[in-house]
Amino acid sequence: MNNTYELPLDEAGYAFGFMDEYAKKEVRRAILKAICIPGYQTPYASREMPMGRGFGTGGLQLTLSLVGGSDTLKVIDQGSDDSVNAVNLRQFVQMTCPGVDTTEKTEAATLIQSRHRIPEKPLTEAQILVLQVPYPDALVVVEPSEARRKTMHGEADYSRLLVKLYEDIVKFDEITISHRYPTRIHGHYIIDPSPIPRWDVPKLHQSKALILLGAGREKKIYAVPPYTLAEPLAFEDVVFSVEDFRDAAGIRRACSRCGATDSFLDEFSNEAGEKIYQCSDSAYCDEQLARQTSHAQTTNTEVVA
Amino acid sequence: MGYVAIKGGKAAIEGAAAATDMLRAGSEHAEPLVLDAIEGQLRLLVSRVVSEGGLYHPKLAALAIKQFQGDTLEAAFALRAYRSTKPRLLETPPQNTAHMRVIRRISSAFKDIPGGQMLGPTYDYALRLLDLGLVDENPEDFRAIARRFLADAPETELPDSFPKVLDALRAEGLLPPLKPVAGAPFDITRQPLIFPVPRAAALATMARAETGSLLAIAYSNMRGYGDVHPTIAELRVGYVPVMLPHPVTGEPMEAGEVLMTECEVVAMFEGDAEGKGCGGKPVFTLGYGACFGHNEVKAISMAILDRALQKGMKDGAANPSEDPEFVLLHVDGVDSMGFASHYKMPHYVTFQSDMDRLRTTQAKAGIDTVRQKDTA
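First to last, the protein sequences are chains F and P. Mapping to my numbering: the first sequence position 305 is 305, numbers consecutive. Mapping to my numbering: the second sequence position 216 is 1216, numbers consecutive.
Bear in mind the hints are in silico, worked out from the structure with no lab data behind them. For glycine and all other residues, C-beta sits at the position ideal for the given N, C-alpha and C. The reader is advised that the hints may include incorrect statements.
[To be verified] Here are the simulated DSS-like cross-link-like pairs (lysine-lysine), alpha carbons at most 27 Å apart as the crow flies:
#1 P:K1086 - P:K1111
#2 P:K1066 - F:K275
#3 P:K1086 - F:K25
#4 F:K24 - P:K1066
#5 P:K1086 - F:K33
#6 P:K1010 - F:K105
#7 P:K1059 - F:K121
#8 F:K105 - F:K121
[Unchecked claim] Going by beta-carbon spacing under 7 Å, a handful of chain F positions derived as facing chain P:
#9 L7
#10 P43
#11 E48
#12 R53
#13 D82
#14 A147
#15 R149
#16 T151
#17 M152
#18 R160
#19 L161
#20 K164
#21 D266
#22 E267
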């Protein structure tokens, strides 16, 4: 081996957005194709990122290819801006994309990268949502071969998926798919909308924001363009339903922190062993709480006045 | 607050990094590893990392091994991520391994091969007895090893390279004639695999595959889930000169050399038209394996799988090792280790959703105990 070679120790700085410009351009081309063919899994040569495959490298490549100096980025994982993985991804973008602002406020972001959740607050036309995807193909539960799945998608042959739903109903009297709910986009391709809960699936439908889905390990990019049909797979007589947050008495549970009754709740036990329910979307929860506080203050001021 | 581990991420990540670094140092009295020592004395580890990382950079591989405390998956991963930051500047023309400056070459097909068998550095016939003499070596011991080796060096200079065994077999008409492949080779770093894929894509994928994954699938074929029954026509290890076109004249010039392992296996002939050579006579079939570094088990596994995949692409897969999708999508170390690791991340939301489905289904089945207990 070459013993005279010295490692260049000053080569510490990375280019803006980490990936080389050709790679980013390629990702953007794949994004354009994905938008043109809603729900189609566009193959691309996914690059290795300096974090584990499965930790959001597909979403990260989308973000790094799209983000520019004028963007404000929000990164969430499990609905929270402060979870380890969200912090890790955000720090990496901050490190490699100097000048990009970050925020925790949903409405302040131009670009939102998320794992497993769509923010509760409705998104706008000025925003892009990037979802991290572990399994890009909804058909994988019924067909392991990618080549055969590709043909099935081309022919919009989703009969085996419908049979799976039907078998669920026969066996359990319920459709048992909890998350990654197969959803038909623009009347043709059925997508795996990433492991968002069913609660978030209706937010895909006619979304004002562009929704991009990136699977780094599986090397696919697909999109739900703005104002596009997104219909969860169901039957006329067995309709799609979101998670049920009612208690035994049939009353909708509220967030124990902000009191919201219109958000996806995380369930956990406190130290006394009691069940606690709290908003999964931490920014939404904070906003509800802040609104109450300011409302309470206003009321107090009025009382004083 | 035990549960809400999801919060306070920043401090947790910094703490984890500090703890990892402490364990990397071992103790405050430990001698830091020197990169040259890793590159030279752990050369097979470096070989594995450059091969799986898909980047021939032994020095950076040594650094990655040091940084990731000897984890080959992580070290190869770091090389790949480093590679993502570099543009592809040009396409290399095919390199001729007949020009390899060999350090070892054997054939298990013939007792004598043109140029002769050259065992070279190998543990194949070493007794795997722990050598307690290595426990306390000093630099003088190393110098003595070098002196003894050089004193025994043959008087006559060996040739740098040797003819390929396959060329002799081909001249005898026992192998199919070489067919030129049209078009640019498939670059797996720039194109995703869309099945069916050309053989070039399969070979490139396996060349940077994780050694253990390749071995496991190849072994399934050797044991009976498949029937390649290979004979190693030639296995060679050595330095291949990398020829690149001169930027001005376009003439090929040597830009450097890479340590490589190459393996060519010959398998039984096939009776049908495709298995026939010129003149319509049956000929042996071939499998090819090659990778960066000195990795013989990997090159052999790859050659066997290349043969198995060629058979699968022609006749349909009768075994997992003959199925291109099954093999090529499951042998990448960066992909598979990343996905196995990702299960450690929080999955609170999806699990909440799972519980919703289970409770609803339980309720419908009349097993309503969970809801009855849950009075919150």
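Consistency of the hints with the structure:
1. P:K1086 - P:K1111: 46 Å, violated
2. P:K1066 - F:K275: Given pair P:K1066, F:K275 is violated - Cα atoms ~46 Å apart, limit 27 Å.
3. P:K1086 - F:K25: 14 Å, holds
4. F:K24 - P:K1066: 31 Å, violated
5. P:K1086 - F:K33: 25 Å, holds
6. P:K1010 - F:K105: Distance ~18 Å between P:K1010 and F:K105 Cα, so the pair holds.
7. P:K1059 - F:K121: The given pair, whose Cα atoms are some 50 Å apart, is violated under the 27 Å limit.
8. F:K105 - F:K121: 10 Å, holds
9. L7: Interface hint status for F:L7: holds (5 Å vs cutoff 7 Å).
10. P43: Holds. Min distance 4 Å.
11. E48: 4 Å, holds
12. R53: Hint holds; F:R53 Cβ to chain P Cβ min 3 Å, cut 7 Å.
13. D82: Holds. Min distance 5 Å.
14. A147: At 4 Å from the nearest chain P Cβ, F:A147 passes the 7 Å test, so the hint holds.
15. R149: 10 Å, violated
16. T151: Since chain P brings no Cβ nearer than about 11 Å to F:T151, farther than 7 Å, the hint is violated.
17. M152: Hint on F:M152: violated, closest Cβ of chain P at ~14 Å, above 7 Å.
18. R160: Since the shortest Cβ distance to chain P is 18 Å, the answer is violated.
19. L161: 17 Å, violated
20. K164: 14 Å, violated
21. D266: 6 Å, holds
22. E267: 6 Å, holds
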